[in-house]
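Protein chains in written order, with numbering that gives the first Met the number 0: chain A, 0 to 172; chain B, 0 to 469.
Quick caveat, the hints were computed from the structure, so don't treat them as lab data. Wrong hints could be hidden among the right ones.
Within a straight-line C-alpha distance of at most 27 Å, the following computed DSS-like cross-link-like pairs (lysine-lysine) qualify [what the hints assert, rightly or not]:
1. A:27 to B:85
2. B:262 to B:84
3. B:198 to A:27
4. B:156 to A:29
Facing chain B, a subset of chain A residues (Cβ under 7 Å, in silico) [stated by the list, open to error]:
5. 11
6. 72
7. 75
8. 130
9. 132
10. 133
11. 167
All C-beta atoms, glycine included, are put in the ideal place defined by N, C-alpha and C.
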Amino acid sequence: MSDNKTYQFSEETMATAQRIIRRYPEGKHKSALIPLLHLAQAEFDGWLSSDVMDYVASILEIKPIEVYEVVSFYTMYNQRPIGKYMFEFCQTSPCCLNGVEDLMDYTCEKLGVGIGETTPDGLFEVRGVECLGACGYAPMMQLGDFYKEHLTKEKVDQIIADCRANKITLHDK
Amino acid sequence: MLIVELIKLRYTINNMSQKILLDKINVPGIRTYEVYRQNGGYASVEKAIKKMTPDEVVEEVKTSGLRGRGGAGFPAGMKWSFIDKKSGKPRHLVCNADESEPGTFKDRFLMEYIPHLLIEGMITSSYALGANLSYIYIRGEYMWVYKILERAIAEAKAAGWLGKNILGSGYDLELYVQIGAGAYICGEETALIESLEGKRGNPRIKPPFPAVSGLWANPTVVNNVETIAAVPWIVNNSGADYAAIGIGRSTGTKLISASGNIKNQGVFEIDLGLSVYEFMNSDEYCGGMQTDRPLKALVPGGSSVPILPAHLIYKTAAGEDRLMTYESLSDGGFATGSMLGSGGFIVYDDRACIVRNTWNFSRFYHHESCGQCTPCREGTGWLEKVLHRIENGHGREEDIELLWSIQAKIEGNTICPLGDAASWPVAAAIRHFRDEFEYHIRFPEKVKNRDHFVHEPFEKVKHLVTKQPV
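Isolated chain A, as found in the complex:
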């Protein structure tokens, strides 16, 4: 999806990107693609429009298709705008044994959305994702760069309140 905008990393992000590119031998800079896409997604509203992807391709001097095919492969890249606070509940077996399905129902009902939908104010989105490697601390969700574990309805309420109060850090820079 294109959004017809021009993109440019901040100076700080560009410095991080250049530092990452130097981690690979001469001529192997394409290896920086996946880390750079994370930087781009964090900087440009949590999703990757085709314009953002083209911008990343231009930094690495690779063809845009080389970026598109990677973005469409990996689940963490969003190809459409998402809610600012995306609650990604792990819904694989061990989390289910610890009640994540009931908790997802509760969260959806509380926010008035279905799975994969964004609230009209653009603030929240609820998703079910596959195993996040936190089976012993279930039920849990990923929110930005962090995990929220041992969840209960009360903790979900608190997280929602904290999001509304702008008290949640999404990315650790």
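Following the hints, complete the assembly by docking chain B onto the known chain A.
Structure of chain B alone, referenced to chain A:
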């Protein structure tokens, strides 16, 4: 903050058994370089670089009998010895920290709480392999752990353990962390290499094996986090000391990620050879069942391995005690055994529905199939679809045979083992819990509520299946 304290307390409780990898995990500040170093950290790098040749380090690891802790259990020292040194190409060590096997969360625990242990292991192992450029590939969702590792690497480099001419030996090493972006398949070593090259995670056809042609076509060894983290102890002590722990070809200690319906969920380090009964019931480990509901089933090594019904958990079919070893857990083959795998130990009580669980796993594999091989790309979708309809009360009598046929046609017919991993849980569930599938098909009204066995466990309704002829 209360949550943080509670989690810390839980970790403390969970790690009463402290052996090789976790012996210092509760030392305050062990995450930092200073404390790690004060507690004997980086001694293996000093010993290896100053007193041993690379081949001597490889020999110790061979002697230790250490086997790949990611799931396959291939001897690590032997894997190291395959690396092509003749071609003269640069060599790489890549750590597989893409931990994504459902039920497994041990590598994250190590990296989050004692990151320098992995970094020390990476340096010592890279020296053994003659690698001058190494990477740790970590799954994208562990973003905060990625940052922890980056900081730890910067600390190690500032202290002179990385860079040019380490300890004045003439040995150079650069180590970086690479972040993934959400793809279980990247835990397969050739897919991981593709991903590290900035591409889709499509596994490669082998041969050539990575030891000959891996990252950027250079000789490469890919090892799991836990495998590499065991190397410092082996070098500091000896391969023989390591091999003295455990039973037979299952040497040393293993991290087990325990989850599901047990009292103490978390990461435990065990001596291989501990009995499954003791691991399940001792307060030092799982502490028994979460409630007074009976044990129904166990997945001992991550979602890919066959599920075991209650009567095959503590005893093998031959009536011997089932032990936490590669050999004992697989005793009886797939007919009556399972696998140690990655050590993802998932426990089910009688509220759990095996059909629902199997559907859940199939959805996972369908989602994670890279799509390269037709049997896996299509087959995992069919498995999910058929299981979904059985679980939701729309199953057909012929569906069980259909599932059996699909899984048999995926297994062994794909480039990488994801196809097998998708097939085995389905086959095992049908093998051991066929009557539960039949119940779902014959009594659709009873299974429409997803909590159907919570109030009426299968044991209580089992008799209905046998009464009703097809």
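- Broken hints, numbered, in rising order? The structure breaks hints 2, 5, 11; every other hint is satisfied.
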